[in-house]
Amino acid sequence: MKAADLHAALRDLPVTPLAAIAPGTALILAPHPDDESLGCGGLIAACCAAGQAPLVVIMTDGAASHPHSRQWPAVRLRAKRQCEARDAVACLGLAPDRLVFLGLPDAAAPHEGAVFDQMAARLAHLAATHDCTTVFAPWRADPHCDHEAAWKMGVAVRRLCGLTLLAYPVWGWLLPPDRDLDHAPPRGMRLDITAHLAAKARAISRHESQYGGLITDDPDGFRLPDTLLAALVTDFEVFIHS
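Heads up, the sequence shown is in our numbering, so the first residue is 1 and it goes up one at a time.
Since the hints were derived computationally from the structure, they do not count as laboratory data. Predicted, not measured: the structure shown is a model, and the values here were computed from it. Every residue, glycine too, gets a C-beta built ideally from N, C-alpha and C. Hints are supplied without guarantee of correctness; some may be wrong.
Derived CB-CB ranges, DEER-like [said to hold, decoys possible]:
{"no.": "1", "residue 1": "P14", "residue 2": "A201", "range": "21 to 31 Å"}
{"no.": "2", "residue 1": "G162", "residue 2": "P14", "range": "37 to 47 Å"}
{"no.": "3", "residue 1": "H125", "residue 2": "G51", "range": "16 to 26 Å"}
{"no.": "4", "residue 1": "A121", "residue 2": "D218", "range": "30 to 40 Å"}
{"no.": "5", "residue 1": "D180", "residue 2": "P14", "range": "20 to 30 Å"}
{"no.": "6", "residue 1": "V75", "residue 2": "D220", "range": "18 to 28 Å"}
{"no.": "7", "residue 1": "K2", "residue 2": "R122", "range": "31 to 41 Å"}
{"no.": "8", "residue 1": "H111", "residue 2": "H68", "range": "20 to 30 Å"}
{"no.": "9", "residue 1": "R122", "residue 2": "P219", "range": "36 to 46 Å"}
Could you put together the complete structure from these sequences and hints?
This is the structure we're talking about:
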């Protein structure tokens, strides 16, 4: 199917209560600091408001977003992005002890091998320790290597723990409309996040290093595109059965 048709199908998924999307405790896998707010900010806020705070795991250190900056070398940027993530989830009502950083290298998260297996086992242990029932991972159609790696880790956690796996799109929203995709029509649901939209927007804004105004000495550095923000800062979030 064409990406445009897939996007239309995602926007037409049924609106479903939070209790049906995230019964119990959710384990949310974010490839980078900011994906937790972009893809699941409304879900995190809704879970916190319902008294079931999720466990949010940020997979990579985010230090590759501005590789040529001298003012923000990797060590400094890594610390900044962790601070941004803590501030962001606080906007959503999440306590700092519910946020875990795995510290994998940005743009180089493993897709297989010994480190992948170690991380999957650690995630499975976290899921068991926190009585998680559902794991949320990036959509497998997101065109980014770290998103694909996080998706594969979600699959591994499902296999190890028997959790339900749901996927959330981030960069998949920006696939060219005429691109052919090897995907069946999606099965899933939408969560109405109208009550939490302002909190989600505030959370995303806390990732200031990704907006282009803070780090100014790397003209090729990453900047969150307006098209992505327009696709994600809406009154719903999408979760796909996998």
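Hints versus structure:
1. A hinted range of 21 to 31 Å for the beta carbons of P14 and A201 is consistent with their spacing of about 25 Å.
2. Between G162 and P14 the Cβ separation comes to about 25 Å, which falls outside the hinted range of 37 to 47 Å.
3. H125 and G51 have their C-beta atoms about 24 Å apart, which keeps the hinted 16 to 26 Å range intact.
4. The beta-carbon spacing between A121 and D218, approximately 36 Å, falls within the hinted interval of 30 to 40 Å.
5. Take D180 and P14: their Cβ atoms lie about 26 Å apart, and the range 20 to 30 Å holds.
6. Hint check: V75 to D220, Cβ distance near 20 Å, so the stated range 18 to 28 Å holds.
7. Between K2 and R122 the beta carbon distance is about 39 Å. The supplied range of 31 to 41 Å therefore holds.
8. With their beta carbons about 26 Å apart, H111 and H68 fall inside the hinted range of 20 to 30 Å.
9. At about 37 Å, the CB distance of R122 to P219 agrees with the hint of 36 to 46 Å.
The structure shown violates just one earlier hint, number 2.
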